[in-house]
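Work out the full structure, taking the sequences as your base and the hints as a guide.
Protein chains: 2
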Amino acid sequence: MAYNIAPLAELINQFERLPSIGKKTAQRLAFYILTQPKERAEAFARALTDAREKIHFCKECQCLTDMEVCPICADSTRDRTTICVVEDPKDILAFERTREYRGIYHVLHGTLSPLDNIGPDQLKIKELMARLADGTVTEVIMATNPTIEGEATASYLSRLIKPMGIRITRLAYGVPVGSDLEYADEVTLARALEGRNDI
Amino acid sequence: MAYNIAPLAELINQFERLPSIGKKTAQRLAFYILTQPKERAEAFARALTDAREKIHFCKECQCLTDMEVCPICADSTRDRTTICVVEDPKDILAFERTREYRGIYHVLHGTLSPLDNIGPDQLKIKELMARLADGTVTEVIMATNPTIEGEATASYLSRLIKPMGIRITRLAYGVPVGSDLEYADEVTLARALEGRNDI
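Going down the list, the sequences are from chains Y and R. In terms of the numbering used here, the first sequence opens at residue 359 and continues consecutively. In terms of the numbering used here, the second sequence opens at residue 359 and continues consecutively.
No wet-lab data here; the hints were simulated from the structure. Take these hints with a grain of salt, some might be off.
The list makes no distinction among identical chains, and a pair is therefore deemed to hold if it is satisfied within one copy or across any two copies.
List of simulated lysine to any residue pairs, SDA-like, C-alpha gap at most 20 Å [claimed, not checked]:
1) 381 - 401
2) 381 - 524
3) 448 - 371
4) 396 - 408
5) 396 - 368
6) 482 - 395
Here is the structure:
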């Protein structure tokens, strides 16, 4: 290509390496940056390094925070007897939006996936076991994703935790609120039937 | 939201301000950055500031370059009697890919759009007229987009350039190569009929 500008090619390359950003979008985003005021590009650059430098894992729940302990773990009004185990820090946001859950969390940062070489040592399982050791926690809610890997991870953890005499629960399966039964898949519908409640 | 980290919120905000990136994608991209090695975030940040600092308009054709004059304008083998007028630097890439065009370019950086307050002074029209003044150029190819704004801009420029005695041409309209006539829109098909050639 005759029209080859090294700094532009590098910026396109950086955008392209982001997940879900293809060649065309990367080009469009890079050209967009060039049309913006210099301060805008600098603010973006600063945000990137700042976020990466200041944010790390909460030393208790392993979620992301820019403090030593995240605001949820630091909140003395939260119920420390219940731990909700999630795969990803983003899942905490989903639970917090419900405004129903008052316990604390633990982030695994992934699921067991032998094919991808992700075993128990790659997840924050050691840290979870350490938190359960002092006997404060009486219930662990398994809130991994309802996928094969999520299920496998939940059942692996259950086997690990059961001997400690802690209650282990799993999120209920069923049809999503507001959905149309006509479009529900058969596995979900079967689980909803199985878990039916008296009214 | 209990789970509020200022540097993360700022990074999400920066991603969200990019075109075609919504709230969810911005979140996903920001979280992705946090999972990457520090050097990766720094390289991205550097690419942003580098591109914005080093790249500016070519003083001849107004395309983007990190040199004083872009490689196409600097290339002595290009035909300096023909200028192809495009809206956007990306359009040059499209023409260069054809490997058919050996002339030079001029980038307008937009089209006339009175509703958006974009008049002739906001485009690189003055610069184009200056390049035509010395009499070297014998043909101007209008290669603005085949849209209302593109057409209006082309016809505005034609009226401006005609008195200089320079030949003005417009890209041919017609059905795209490899397309299916069944799906061609009626305007395109009418133009293709109008411009039919003997074989």
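Verification of the hints:
1. In this assembly of identical chains, the alpha carbons of residue 381 and residue 401 lie at most 20 Å apart only when taken from different copies (19 Å versus 24 Å within one copy).
2. For the identical chains of this complex, residue 381 and residue 524 are neighbours neither inside a copy (50 Å) nor across copies (38 Å), given an alpha-carbon limit of 20 Å.
3. In the homo-oligomer, the alpha carbons of residue 448 and residue 371 lie at most 20 Å apart only across protomers (16 Å), although the nearest pairing inside one protomer, at 26 Å, exceeds that limit.
4. Taking the closest pair of Cα atoms, residue 396 and residue 408 come within 20 Å of each other both inside a single copy (18 Å) and across two copies (10 Å).
5. Within a single copy, residue 396 and residue 368 get their C-alpha atoms as close as 17 Å, and across copies as close as 17 Å, so both meet the 20 Å cut-off.
6. In this assembly of identical chains, the alpha carbons of residue 482 and residue 395 lie at most 20 Å apart only when taken from different copies (18 Å versus 42 Å within one copy).
Hint compliance for this structure: hint 2 alone is broken.
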